[in-house]
Amino acid sequence: MTSIKEQYICQTENNKELKTDLDKFINDQILELRKELQTKDISNLKIVNAANDAEVKKEFLTEDASNIFVLKEGQKNSHYFLIENGKIASFSVMNKGRIKIFLLLCR
367 MTSIKEQYIC
377 QTENNKELKT
387 DLDKFINDQI
397 LELRKELQTK
407 DISNLKIVNA
417 ANDAEVKKEF
427 LTEDASNIFV
437 LKEGQKNSHY
447 FLIENGKIAS
457 FSVMNKGRIK
467 IFLLLCR
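Position 10 (the sequence shown) corresponds to 376 in my numbering; numbering is contiguous.
It should be emphasised that the hints constitute simulated quantities derived from the structure, not laboratory data.
The hints are all genuine.
Once the Cα atoms are required to be at most 27 Å apart in a straight line, the calculated DSS-like pairs of lysine-lysine come out as:
1) K406 to K423
2) K466 to K442
3) K442 to K453
4) K466 to K424
5) K390 to K406
6) K462 to K438
7) K423 to K442
8) K438 to K424
9) K371 to K390
10) K442 to K406
11) K453 to K438
12) K466 to K406
These figures come from a predicted structure and were not determined experimentally.
Produce the entire structure from the sequences given, and follow the hints as far as they go.
Here it is, written out as structure tokens:
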């Protein structure tokens, strides 16, 4: 789990207490995602850049959706990812009406 976080997930190191809570959150989210994906037929999954999908793009309040990716199962949007500087900055979203907002892991 640690190597996944270090290699692929953006992390903050400024506040030790916050880092401990954030590490727990990230671990829990990775385990949940892994568990869910094990039940899926991976041949039905694809990753789509939101900039190339008008339906996904309009779910976010941003002009540039090139750093937003969605894991789709058929036509259904399954999980959203925000990529910054080559690492996952978020894979957790909140729904605010019809708009999705990323919960950032680092800044």
